[in-house]
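Number of protein chains: 4
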Amino acid sequence: MKALVYHGPGQRGWDRVDDPTIIDPTDIVVRIDTSTICGSDLHILKGDVPETTPGTVLGHEAVGTVQEIGASVSTLAVGDRVLLSCITSCGRCRFCKEARYGQCLGGGGWIFGHTINGLQAEYARVPFAENSVYKVPEQLSDEQVLFLADILPTAYEVGVLNGRVTPGDVVAVVGAGPIGLAAMLTASLYTPGRIVAIDLSDGRLQSALSFGADVTINNGREDALAEIMDLTEGLGADVAFEAVGVADTFELATSLIRPGGRVANIGVHGHSATLHLEKLWTRDVTITTGLVDTRTIPQLMTLVASGRLDPTVFATHHVRLADTMAAYDTFADAANTGALKVVLEGEESARGSTALVGASAAR
Amino acid sequence: MKALVYHGPGQRGWDRVDDPTIIDPTDIVVRIDTSTICGSDLHILKGDVPETTPGTVLGHEAVGTVQEIGASVSTLAVGDRVLLSCITSCGRCRFCKEARYGQCLGGGGWIFGHTINGLQAEYARVPFAENSVYKVPEQLSDEQVLFLADILPTAYEVGVLNGRVTPGDVVAVVGAGPIGLAAMLTASLYTPGRIVAIDLSDGRLQSALSFGADVTINNGREDALAEIMDLTEGLGADVAFEAVGVADTFELATSLIRPGGRVANIGVHGHSATLHLEKLWTRDVTITTGLVDTRTIPQLMTLVASGRLDPTVFATHHVRLADTMAAYDTFADAANTGALKVVLEGEESARGSTALVGASAAR
Amino acid sequence: MKALVYHGPGQRGWDRVDDPTIIDPTDIVVRIDTSTICGSDLHILKGDVPETTPGTVLGHEAVGTVQEIGASVSTLAVGDRVLLSCITSCGRCRFCKEARYGQCLGGGGWIFGHTINGLQAEYARVPFAENSVYKVPEQLSDEQVLFLADILPTAYEVGVLNGRVTPGDVVAVVGAGPIGLAAMLTASLYTPGRIVAIDLSDGRLQSALSFGADVTINNGREDALAEIMDLTEGLGADVAFEAVGVADTFELATSLIRPGGRVANIGVHGHSATLHLEKLWTRDVTITTGLVDTRTIPQLMTLVASGRLDPTVFATHHVRLADTMAAYDTFADAANTGALKVVLEGEESARGSTALVGASAAR
Amino acid sequence: MKALVYHGPGQRGWDRVDDPTIIDPTDIVVRIDTSTICGSDLHILKGDVPETTPGTVLGHEAVGTVQEIGASVSTLAVGDRVLLSCITSCGRCRFCKEARYGQCLGGGGWIFGHTINGLQAEYARVPFAENSVYKVPEQLSDEQVLFLADILPTAYEVGVLNGRVTPGDVVAVVGAGPIGLAAMLTASLYTPGRIVAIDLSDGRLQSALSFGADVTINNGREDALAEIMDLTEGLGADVAFEAVGVADTFELATSLIRPGGRVANIGVHGHSATLHLEKLWTRDVTITTGLVDTRTIPQLMTLVASGRLDPTVFATHHVRLADTMAAYDTFADAANTGALKVVLEGEESARGSTALVGASAAR
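Protein chains in written order, with our numbering: chain A, 1 to 363; chain B, 364 to 726; chain C, 727 to 1089; chain D, 1090 to 1452.
In case anyone wonders, no lab produced these hints; they're calculated from the structure.
Heads up, none of these hints are tricks.
List of simulated lysine-lysine pairs, DSS-like, C-alpha gap at most 27 Å:
| no. | chain 1 | residue 1 | chain 2 | residue 2 |
| --- | --- | --- | --- | --- |
| 1 | D | 1368 | C | 772 |
| 2 | A | 279 | B | 642 |
| 3 | C | 1005 | D | 1368 |
| 4 | B | 365 | B | 498 |
| 5 | D | 1224 | D | 1091 |
| 6 | D | 1135 | C | 1005 |
| 7 | D | 1091 | D | 1135 |
| 8 | C | 728 | C | 772 |
| 9 | A | 46 | B | 642 |
| 10 | C | 728 | C | 861 |
| 11 | C | 823 | B | 498 |
| 12 | A | 2 | A | 135 |
| 13 | B | 409 | B | 365 |
| 14 | D | 1368 | C | 823 |
| 15 | A | 279 | B | 409 |
| 16 | C | 823 | C | 861 |
| 17 | A | 2 | A | 46 |
Please read all numbers here as calculations on a predicted model, not as lab measurements.
Sequences and hints are given; from them, build the entire structure.
Okay, here's the thing in structure tokens:
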């Protein structure tokens, strides 16, 4: 088969590699119908993720069709259309039993395109399949569920749920890139009073308005802390999401929160930050971190099926799977292309009925 | 009356001052029967708390007897024996309505011995009295409830409840001074599997064993992180309390926590700390800060009355209220005197029946 | 002044009565600008509420303007426009400190138009005013906040919050009268997957569709249990609200719930019901009851102010306060008049700007 | 092998039956070292459980040693000593993913000795073994963990956790049979203020005192409701457990609860009960039901291992596994034998060190 292979920092190819096969009785093999690229794929290509070795197929988000099942697999059948989660769950360890799949101790966690071959490929082997894939309802297109593999549950679990967004809350989102936008979209499920997007780019802030933001602050030229205090009678935001991954934005998030408020870190951090305990120690603040578990995939899929949530708004570009090399260029140059997510479509990518896609955008 | 008056950094006196009187209809005046000294009184004396002006009577923990009530006070009567909380609640602001009295916006919060005259005195005016004092059941001695004014609810609310201690948990307490010991004592209400005390002083660690610690680690000569990992099969503690108030111990607390664990900061911090987001971002950690609300005083008083909790173990020294000057010396020199809390006893300090005090120690 | 006075079962008058005056220092006197009628007023008139004695002024929902304040009132001023909650909170008892104001032990709870004179009058005395009224933001009309006095927080607290509605849930609402509709409207704040309205009246079911219902079931001619099972792959609803107040509908609600689901009783019951423990004991069901606390008034007011919630959809009829007698007729004959709530407008009823009312309906 | 076989109502035998073998790749076969009898075994023998067919081996609680493992089993090995839960979890269905194993939709739930052969036998086949058994730490005896198979997690999950027992609570336990005693024992993990045991038998009430009860009420000759009101200043208990399984005791439990309190049904009910909604609708009461999930086995095992919980107090009788027929007589005649649980010991039953058993009783 063909697949997008990592060849060391800065190097990748759309290469012919061996077809995947069943190894363990809990495995399945899936034909990839629709896939996509994530910011962490770019991190790997930069060489920032040493545990990913050259020769690894990248990608950890896909919709596919079951081709083969292992001996102990009884709840999946050949031909089933499934969403593959970015997180694999062994289903048996302490953390999987707590639905904390991202911390799996039994061989799962984030492994696709990281420590084993991934999903930007024509086929993939899926370990612990019965605990790690989700059947897709017939009426939903691949594109409607594709972003439930990673970006939407990340924003929802690590941002919205950790931050305990409550109806009426003022929610400050620091960072309006794809993950920040996903946090705005899923925060809306809890009807906050106001979503405030904070970013350095006017373009991203403009996007934010269509993802649920009510107010935008360009903190390159505006004082975000002062603006938030103005909006909240001097108290601060109820919830703040850090959705960038650098020390400054984390410190901003912790500064603009009200007493009793919650700061949910969503960003991927390579360095430490300063925590101003001399100010925060009295302020009843809760700060959370987290890797996505994708435990909310069934809930989010229900919301998509009922037309309450439309993930397709992230699909700014569509490219043939065979053109994944070019898709990387588009995605990596988001500042110019405006790419949020690039949909990689195999030959059999299931589009779903237009009617349904249209209906899902109604809200 | 006589009272302990702050005269600027390093200076205090047991002075004659004006008797307090009712100012607002929601006030009461109380005769102080039993009082005590807190570490933050020493901070004020060091000059670290600029909002406390010379001339202020210190102290924010006491049991007393109502002498006079304001015009709108209907639930308290002259002669009632009451516990005075370190936190005053207006009862009407947004935060008081959420039982977040420490953040009171209506004139309360920590005001005694801070921004108004305090409780190391023969008498005191108590604002918003109906929301800020608690009647003491007849069978309980002053000493049995005195430490519910501050240290026990602080440890319980800011440590145990924020840290969500659960039966079976491994709870690491970094710092075995009075507040750390109070955290161990109140954590025991939730039957943790193991309480691990971490401190630099063998003497304090020895005390910890009698306050509920199962394991002690002297992190002056032992590697606390390695020890905790040994005890927890490499996962880390379920809950960690920072009970010192410096950056190093905070960083230790965040390093020894398991994925999904909770770090509750109890310490008073004068400086920032480093937050190792590059390690923590994936680890599903929750970090909390907080000022005590004393909202759990009724709950803790019930536990004392039913003999489940014995706060008198903190009363290492007893001194006449008139000798408060000397009591400060004893308390400030804890390293040599072994003082945890010094009980200041007025003429009418209610000792309670010996039988009951004995009974409360049974558990 | 003139007021609607209860004269015993079946009898009421718009009578001249004494103007209210300040009695306690915590009282205020308010001019009623806008009021309304509740189903429980009709219950009183039927003679079902023996603790309401003849001569009592009815009504427990209003917006008004402060005319006079008691000696201890410091956070309200003459001229303030305030929402009067149906529940009075003493602010000091155990239950008020838990925000369980409906259970107030200090003289509050449901007292207006029940055990003291109520709010269908030109003026009213408001006990414990600082804990029981809410200032209305200038930009909101009386009508926009009036239904936050009772019906909306009742539906939200006793239904939605007790039932722990979660995004994606199937929520079955048994009863599509005003309180059932209010439950649908406020359940929408949590973005359920599907709201199913169940009622015997096609007219009410038609209304339900505009209050957020996705599916309607007329259980006079359809098998509601079978329909719900059809909709939920045989599992049952995630949440069910009983919003009628009779045994049959309660039993229906408990029958159609999935394992692990929640049944929130909102209805007012005069009789017992049968609880089928022989079926329910294994099913992990949670059943809740409750009297409203109106603790969510500030939250709901924020949602109205931000245009997320439009309570004015309940205002089917507008009548001058002086015509309250006729308004009762309209309200009592809802089957023919279609009345949900009748707005009683005094001379000074504040309408708010049309622009804002319009905006609030956008969502 | 030999096993206790159900032969229809009133009939059982210690029969020779076929040895169990691996059927599915997720199975294991276990040698039963220690087993016990449950009240529901007696129900089956009465003929009350029609889905259990004659020829079924009874029993659903055991400790055993792995003899054989299925092809997909990788986390268990021959020779492992394991606790077998009364509840089997497929690990993959919606409810198993929520840790609601008792409601398993994938072929698990309560199946041992119910719909498949059970554990009062020399050997047993264990389906979905990796999600349904728990390795026993070497230092614990079989008897120390045996009752974690059913009775203790039932009391803890369905009673204590559903009832949200909180430090200081007054907990009323209606019924002081084995399950009621287990509820008292595990409620103590949360340090209630007072545990009140209510029963008709003075003998059982006497036992209750050694399982944590502080107060006993014989409701054959005392007015339990009046007693509870006396103990709680007229408010009612914070939490009540129904631990009998009949309508009267359920109604008692709902009558003696305070506003805002919780009633957790633990009893097995064959008939409906009356729910006095005419009284309860205003009282903010939460009523829960539930089948055990045994999701807390790891937590409880930690508590046993750390000496915080001693389940061996239930082991009133010890009988050789080969004498299971006689053991049934002893257990069924509990009123005369005083049996709480009868330990059935195979040849290899692991007793653990006396030292450890002693230590675990310290608390």
